[in-house]
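Going down the list, the protein sequences come from chains A and B.
Residue 88 in my numbering sits at position 92 of the first sequence; the count goes up by one each step and never skips.
Residue 643 in my numbering sits at position 179 of the second sequence; the count goes up by one each step and never skips.
Rather than coming from a laboratory, the hints here were simulated on the basis of the structure.
From a predicted model like this one, the values you see are computed outputs, not experimental measurements.
From the three backbone atoms N, C-alpha and C, an ideal C-beta is built for every residue, glycine too.
Treat the hints with caution; some may be incorrect.
[As the list claims (entries may be wrong)] Under 8 Å between C-beta atoms, here's a sample of chain B residues computed to sit facing chain A:
(1) Met465
(2) Asp469
(3) Trp755
(4) Ala757
(5) Leu762
(6) Val789
(7) Ala848
(8) Val851
(9) Leu852
(10) Pro856
[Unchecked claim] Take a look, some chain B residues computed to stay more than 12 Å from chain A by CB distance:
(11) Thr470
(12) Val554
(13) Ile627
(14) Asp645
(15) Leu773
(16) Tyr800
(17) Gly837
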Amino acid sequence: MNFDFSDDLKQLRDQARRFLSEQCTPAVVRRSLDGQEAHAAGLWREIAQMGWIGAAIPEEFGGAGLGYEGLCVLAEEMGRAVAPIPFGSTAYLAAEAILTAGSDAQRREYLPKLADGSLIGCFALSEGNGSPEPSAIHARVVGGRLTGAKWPVADGGIADIAVVVAIDEHRQPGLFVADLKDVRRRDLQTLDPSRNHARLDFDGLAVRQLGSSGWGSVQRVLDRSAILFAFEQVGGADACLQMAKDYAQERYAFGRPIGSFQAIKHKLADMYVALELARSNAYYGAWALSEDATDLSLAAATARVSATEAFHLASKENIQTHGGIGFTWAVDCHLFYRRSKQLGLMIGSAPFWKNRLVDLLETRNAA
Amino acid sequence: MDFNDTKEEATFRAEARAFLSANAQLKAGTRPVLRQSGVDAAAVQRCKEWQAKKADAGFAGLTWPKRFGGKEASPILQVIYNQEEDDFVVPRGLYEIGLGMCIPTMMAYAKPEQLDRYVKPALRGEEVWCQLFSEPAGGSDLAALRTRAVRDGDDWVINGQKIWTSGAHLSDFGIIVVRTDPDKPKHEGLTFFFLDMKSPGIDVRPIHQMSGASHFNEVFFTDVRVPDAQRLGAVGQGWKVSLTTLMNERLAVGDVQRPDVDDLLELSRKMRIDGKPAIQNGAVREKIAEWHARSQGLKFTRFRTMTALSKGETPGPENSIHKLVNASKLQDIASYGLDLMGNHGMVVDDDLTEAYGMFQAALLSSPSARIAGGSDEILRNIIAERVLGLPPDIRVDKGVPFNKVPTGKR
């Protein structure tokens, strides 16, 4: 058994951690949070040059060909750094949709540009309230032209292309790729201003379908991205635990470090337990993703449920451990708290994934 | 990443599987073994026969030195054997403590001639060992123990009481930690021995547990004489020896407790809410999903541990979460399963109960899982202090002579 990342990938992870701790400091995150820049464009260019965006894109399509395990270790570091860049939208969603559903020509057209950072991608799924399911999709494509509204779309305001979920000519949901140059869009105020969100209005835009009809192709993208986002959530939860731990050792009350109180110890122990469970489930997801395993969907739902819970717990209890100072704008706790919710909501929230997980268990046990 | 055994591991797994297939029944489809009843004479006999068979086939004490009948194998092979054995119905409950904790402590501290005398019979299951640690006044705070040993010539004379001693009523020998100097601070006045459980002055009384079973005992010592030659470690070094024992806790591998998520899933297909199978109820589904995520998280955490062992590395701290997560999960799943049964959940009558009565049995046995072998609270302290590096609690008994440490009424 070798249920661990290779030494090469651990090296990549360490390198990414070092780089991001220097180049993606909280000050950089706060530039986006405070509205000074929609995303950290300089950082985006640098990680593109290092080949990170295209880590899992095969070399024949301009990627680094490191495989999904490579993308997973990078995702963890993106989460740890609360990176204010469209990494997930571009690498886990848009590129994955094109790679898994697109034609060879479509792959050749888009993937090299997504990999080198010259195109930013996004995934236009939501139409206001609701879970990611066929009945929630009203955007339509008729005669190759897309009509409808999508919101909130993470990175929709800065993306060059979108992969849009819409009802196709066969009245089935499908994936479409859209050039956003002339699309009417409006940035939205959200809970996590360190990430761009927008509303996209399509009024007869010419689009091209990726692959064939059916929700299956959409769900496939959701499943695969859930594993990658789980690594971001694990990275974020780990960062929160480190922050809480450091603070608990330095902060004194009643003449002793607050970390010597069991009320704090047990809180942090619970964060650790949730984190390790989530990490182990994410690892299995990484394996399922790189092997395209038959139980990939169940692995994804499990990783998603586990990681969402771990990051939520860690981000809220990090604030609690800090006390009043943790509730201020100046201290970084809220960056993680916001991002935890952003990641927890963006491809379907916990109730949706829990329900799906049990669907998959029932299917598996019936077989 | 891959889940494949190395060549050596695969060969060993096949050998273990072949041995088990030839000698035991597969669990699949059999009624789950509930730890409701105590280990009776017939069960002891089954355990002894099985252990002898296992030792003769070379599957006992895999990691032990060859001179004691072991194989000096890597810990990963022990894990693999445990995984395979977990698929079969084999008698359990008699040797875990002796072989897992007592004999490893002996190997670290006993004299060579003592090891020649005791290790092999223990390995073949001919002699049973118990661990006499906890006391009425020293459970989570083990070093607060009060049982006294006083030097008398070549012997020590022990007076006092131990409690929660699993299998003491079935044991031939025991390891014991006692107080030899009450004027020293509590960790410094302890000394460690092994003793014959048939010694005059030892009175073993089974404890009737809330589950109805009697797995453990109170053990009373009245002027029990133990030769100084049976001391393990120096006088006053008993705490250090105790830590060796506690570090030898069995690797948390295999051993999935029932009922688990699949049992709950099956039950929720059968039970009904609002005239429909409970599995269609959103609240039930959320619970199942959460427990599944926890179960799988533990399973894959074990895989991470196995990976470290397979590479010959020390497992990381993530291995410390198993009991903490498992014990509460068991209690919560048991309770929720009964909720799904409604009033019928009360029934433990063999003919009428659901799912072999495993939910009811677990409801009553699971509280002990959250206490025995380190309570939830102690485990959280351990994670916080040893894994996360948080400062130790401020102690009022630090450096204070043991006989000056405040005590309560209970």
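Structure-based check of each hint:
no. : hint   : in the structure
1   : Met465 : 4 Å, holds
2   : Asp469 : 7 Å, holds
3   : Trp755 : 10 Å, violated
4   : Ala757 : 4 Å, holds
5   : Leu762 : 7 Å, holds
6   : Val789 : 6 Å, holds
7   : Ala848 : 3 Å, holds
8   : Val851 : 6 Å, holds
9   : Leu852 : 5 Å, holds
10  : Pro856 : 7 Å, holds
11  : Thr470 : 8 Å, violated
12  : Val554 : 23 Å, holds
13  : Ile627 : 24 Å, holds
14  : Asp645 : 29 Å, holds
15  : Leu773 : 9 Å, violated
16  : Tyr800 : 14 Å, holds
17  : Gly837 : 17 Å, holds
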